[in-house]
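J.: Protein chains in written order, with the numbering used here: chain G, 1 to 522; chain B, 1 to 522.
Not one of these hints is a red herring.
Copies of the same chain are indistinguishable here, so a pair counts whether it falls within one copy or spans any two.
Below are the DSS-like pairs computed for lysine-lysine, each with C-alpha atoms no more than 30 angstroms apart in a straight line:
| no. | residue 1 | residue 2 |
| --- | --- | --- |
| 1 | Lys-245 | Lys-109 |
| 2 | Lys-382 | Lys-280 |
| 3 | Lys-280 | Lys-142 |
| 4 | Lys-109 | Lys-142 |
| 5 | Lys-382 | Lys-245 |
Quick caveat, the hints were computed from the structure, so don't treat them as lab data.
Protein chains: 2
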Amino acid sequence: MASAVETAQGTAKVWIGGAWQESDAEGVFEPENPATGEGLGRTFPVSRWSDCDRALTAAVEAAHVLERTAPEAIAGFLEGYARELEANAEAIVQAAHEETALAAAPRLKDVELPRTTDQLRQAAAAARAGTWRRVTVDRARKIVSGYAPVGPVVVFGPNNFPFAFNGVSGGDFAAAIAAGNPVIAKAHPLHAYTSQLMAEAAARALAGSGLPAATVQMIYKVSHENGERLVSDARIGAVGFTGSKGAGLKLKHAADGAGKPIYLEMSSLNPVVFLPEGLKENAAAWARELADSCTLGSGQFCTRPNLALVAAGGATETFLQELAAAFRSKEPHALLSSSTREQLHASIGALERAGATLVTGGQPVPGSGYRYASTLLQVSGKGFLAQPEELQREAFGNEVMVVVAADAAELVRVLDRLEGNLTGSVYSAASGADDALYGRLEPVLRRRVGRLLNDRMPTGVAVSPAMNHGGPYPATGHPGFTAVGLPASIARFTALQCYDNVREERLPGYLRAQSTERRSQE
Amino acid sequence: MASAVETAQGTAKVWIGGAWQESDAEGVFEPENPATGEGLGRTFPVSRWSDCDRALTAAVEAAHVLERTAPEAIAGFLEGYARELEANAEAIVQAAHEETALAAAPRLKDVELPRTTDQLRQAAAAARAGTWRRVTVDRARKIVSGYAPVGPVVVFGPNNFPFAFNGVSGGDFAAAIAAGNPVIAKAHPLHAYTSQLMAEAAARALAGSGLPAATVQMIYKVSHENGERLVSDARIGAVGFTGSKGAGLKLKHAADGAGKPIYLEMSSLNPVVFLPEGLKENAAAWARELADSCTLGSGQFCTRPNLALVAAGGATETFLQELAAAFRSKEPHALLSSSTREQLHASIGALERAGATLVTGGQPVPGSGYRYASTLLQVSGKGFLAQPEELQREAFGNEVMVVVAADAAELVRVLDRLEGNLTGSVYSAASGADDALYGRLEPVLRRRVGRLLNDRMPTGVAVSPAMNHGGPYPATGHPGFTAVGLPASIARFTALQCYDNVREERLPGYLRAQSTERRSQE
Numbered sequence: 001m002a003s004a005v006e007t008a009q010g011t012a013k014v015w016i017g018g019a020w021q022e023s024d025a026e027g028v029f030e031p032e033n034p035a036t037g038e039g040l041g042r043t044f045p046v047s048r049w050s051d052c053d054r055a056l057t058a059a060v061e062a063a064h065v066l067e068r069t070a071p072e073a074i075a076g077f078l079e080g081y082a083r084e085l086e087a088n089a090e091a092i093v094q095a096a097h098e099e100t101a102l103a104a105a106p107r108l109k110d111v112e113l114p115r116t117t118d119q120l121r122q123a124a125a126a127a128r129a130g131t132w133r134r135v136t137v138d139r140a141r142k143i144v145s146g147y148a149p150v151g152p153v154v155v156f157g158p159n160n161f162p163f164a165f166n167g168v169s170g171g172d173f174a175a176a177i178a179a180g181n182p183v184i185a186k187a188h189p190l191h192a193y194t195s196q197l198m199a200e201a202a203a204r205a206l207a208g209s210g211l212p213a214a215t216v217q218m219i220y221k222v223s224h225e226n227g228e229r230l231v232s233d234a235r236i237g238a239v240g241f242t243g244s245k246g247a248g249l250k251l252k253h254a255a256d257g258a259g260k261p262i263y264l265e266m267s268s269l270n271p272v273v274f275l276p277e278g279l280k281e282n283a284a285a286w287a288r289e290l291a292d293s294c295t296l297g298s299g300q301f302c303t304r305p306n307l308a309l310v311a312a313g314g315a316t317e318t319f320l321q322e323l324a325a326a327f328r329s330k331e332p333h334a335l336l337s338s339s340t341r342e343q344l345h346a347s348i349g350a351l352e353r354a355g356a357t358l359v360t361g362g363q364p365v366p367g368s369g370y371r372y373a374s375t376l377l378q379v380s381g382k383g384f385l386a387q388p389e390e391l392q393r394e395a396f397g398n399e400v401m402v403v404v405a406a407d408a409a410e411l412v413r414v415l416d417r418l419e420g421n422l423t424g425s426v427y428s429a430a431s432g433a434d435d436a437l438y439g440r441l442e443p444v445l446r447r448r449v450g451r452l453l454n455d456r457m458p459t460g461v462a463v464s465p466a467m468n469h470g471g472p473y474p475a476t477g478h479p480g481f482t483a484v485g486l487p488a489s490i491a492r493f494t495a496l497q498c499y500d501n502v503r504e505e506r507l508p509g510y511l512r513a514q515s516t517e518r519r520s521q522e
Numbered sequence: 001m002a003s004a005v006e007t008a009q010g011t012a013k014v015w016i017g018g019a020w021q022e023s024d025a026e027g028v029f030e031p032e033n034p035a036t037g038e039g040l041g042r043t044f045p046v047s048r049w050s051d052c053d054r055a056l057t058a059a060v061e062a063a064h065v066l067e068r069t070a071p072e073a074i075a076g077f078l079e080g081y082a083r084e085l086e087a088n089a090e091a092i093v094q095a096a097h098e099e100t101a102l103a104a105a106p107r108l109k110d111v112e113l114p115r116t117t118d119q120l121r122q123a124a125a126a127a128r129a130g131t132w133r134r135v136t137v138d139r140a141r142k143i144v145s146g147y148a149p150v151g152p153v154v155v156f157g158p159n160n161f162p163f164a165f166n167g168v169s170g171g172d173f174a175a176a177i178a179a180g181n182p183v184i185a186k187a188h189p190l191h192a193y194t195s196q197l198m199a200e201a202a203a204r205a206l207a208g209s210g211l212p213a214a215t216v217q218m219i220y221k222v223s224h225e226n227g228e229r230l231v232s233d234a235r236i237g238a239v240g241f242t243g244s245k246g247a248g249l250k251l252k253h254a255a256d257g258a259g260k261p262i263y264l265e266m267s268s269l270n271p272v273v274f275l276p277e278g279l280k281e282n283a284a285a286w287a288r289e290l291a292d293s294c295t296l297g298s299g300q301f302c303t304r305p306n307l308a309l310v311a312a313g314g315a316t317e318t319f320l321q322e323l324a325a326a327f328r329s330k331e332p333h334a335l336l337s338s339s340t341r342e343q344l345h346a347s348i349g350a351l352e353r354a355g356a357t358l359v360t361g362g363q364p365v366p367g368s369g370y371r372y373a374s375t376l377l378q379v380s381g382k383g384f385l386a387q388p389e390e391l392q393r394e395a396f397g398n399e400v401m402v403v404v405a406a407d408a409a410e411l412v413r414v415l416d417r418l419e420g421n422l423t424g425s426v427y428s429a430a431s432g433a434d435d436a437l438y439g440r441l442e443p444v445l446r447r448r449v450g451r452l453l454n455d456r457m458p459t460g461v462a463v464s465p466a467m468n469h470g471g472p473y474p475a476t477g478h479p480g481f482t483a484v485g486l487p488a489s490i491a492r493f494t495a496l497q498c499y500d501n502v503r504e505e506r507l508p509g510y511l512r513a514q515s516t517e518r519r520s521q522e
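Based on the sequences and whatever the hints tell you, model everything.
T.: Written as structure tokens, this is what we have:
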């Protein structure tokens, strides 16, 4: 007999309209354990359009109910979901460990899962507080306005965070739900079973919440064509996407053409600049810090440094030697998948063809699991400036390329050719001896990054109200929004609604209740 | 000898890099007086790409200076500009009257120009107050963030507001400047001389302001190809556009492809619904109010009603008769141009072919000037539902189409097929006798409009902090932003910038000064 979440043939069901339903599948897939390269024995469906269509119809109905649902009920669901995840942490962590090869502890159990439940609870607090509504009142003219849910949100989660960015549990999910939008989650196929366990936890939390059953829905995989159709469907309100630039730009093109807001977090090199005076004191320590940041989690973070910049002379040679030694000493762990490794290898090859020199690494590691040698590349400033586009190809994984500029002036010219990034970091002398150079390069770097750091690696994105996990294109699709940090991240999933001369008793509750606030004084 | 703003041949110069320069023109054009159809004897250049290129380079330099300029200097410029416009009001109003056929008074002199200077002064106040920065501080983690200028902004002004939405003086201009962005204005060719006079006023205000000379630049006309190249150039930060859907969507496609934020205000039918119980008391008065709103300024407002909706029975027949009488009594004024009249006629023809019946009008008015008979069309709810897309074609000018639904249920079905609009209005009985029906249709209409009105025509957009002059696609390109209302309209021209562990003395002034504010408590 079929289980609640599986068909009689053992294929997972999709979660549509509040029920686990057999998918109208055009195929199935089986996730692997990337630490062994072996299949995990579970099959999941590739949905045809009809699955998407049913989910969209159910989401529209849910949206109508949710926009009239009390924030307390939404907050209650988010908190209940956090508790369900905690209660089932062991099974969820084990599934994610098997599907991603990320360490069960501390990474999955002690870092990512607590971060995920914290995000859900912060989203609950934001839903209750309601500041995301940004109410503005003009009493004299009888005009009031505020932000409202935008409508059903489709969330595409990435491969590298099975919990914290998962379409059915992560930051985009939490922000969309907090504003009262239903979510259609597209799970990442690499951690399909993890996503299923999380969706089951969400379903239990939903059951007692008073929210519509289709507040959360999930499918596992669709063709590119159906993905593009999904993000441009008239029934959706907006899209959240975290993933590769290639996939992101295709979805952006489709959503843009239909006038649908799409928020993308795509590639980023996260440049780190080491200034000469500081290097004299810290060459070895900074080299180790960089190597650690590049190889933590096999470098599979959106914000791991993929590019480092120094000027020749002084202690730079020492720094480069220490960095090479640190990279050689790193024992690589398995990457997320076979294709992650193939793409990393292809990117490193492309960087070499564009003029970068291989210092260490550059090869898959033999044996079980999809491992790759931690890789250090180097290129001169002149070499970089000759092919700046090709040399800004992201190499997703445990790799960094160091640009060695001839002097400070060339360093600034290199920075002036960088594309948009999520982050940019500058390490400099504590004494202030680098401050003149900092003053020259800061404006150039600042306008190219969403988050500017001093003396700190970009890896790790605090869930802080002041965080910006965003940045100029092509790091994201819009420089005015952040994917992390509540309540700010909610703004992506809202629409501005104005009421002009509308009778008081006809206003929505949040405008009647908060009618003394003014956006002009925010 | 050539004047400051004209070449020896008498062709206007373009304003680039702080100087009136001879355009690298690929042609010239001569604005007409639409009240007479006669040329006004002034020629203006169609710029080749090199004009755009020079303006872009100058704008980038200006942006670097402006982002470090004190808000007081920006505010001072905006206020100085407002004073210059007032000091030269007579000449500017006369020029606009000749180029647009809009009434010199009250429209241009007493309404639109004061509104424009008020916008500039409100933008100055917003620049000083700095609330648009939305500073957020996380002391524990040493993370601070706020919004910063996005970079050079290209503003395309529309044909229908020579002052208040002009690229060189209007709402987008004021909002972009307030945040510290230079503006490249693309004047509307129909009121090129008006734009030139305003730009001269801006130049005088700039001279003593301490702002960079290229803070404001202006060209008159470019090919479609160069317009698309301009909005997708790597040097710009964002685009503001007000105009037709056809032109807007082409620019959107180009900007989207380059990852450039573009804020569009395009077409809108601004539906007005009259509910049956209220009609019983007010049929004649509401008919006159609608006719006045549809024909004011020859219906050439973004927010004039192009669509009215009623249910058959009751007083509806009386309403329709009164409306027809009111339309027949309206003496039409000249439209903005020959092509405005051609497009209006073409749209009315298309609506008739799609099933609408002509009640009155439908023909150009003979004699001097580009006049068109005020036009009333009618269609049944069934007819509308048979061809909802074709029957939502905008007819820009003094025209309205009334949908007569068979009953209340069909009325709601018609509303459920509407595309995104800037506004939607509902007139209903003061007694509350229509409230049950209001409750049924409000959610359907609400999610399709940016501004919902009761018992008030949408024409006229107050410059209020609570205003939303925006709405769902295709009325605009993004449902989260407004083009009118300060400081909210500034958000379009900003980028979120985060500082993570950055040394206090290296933070920009606005973050050091306001470090006690918190976005989480806004």
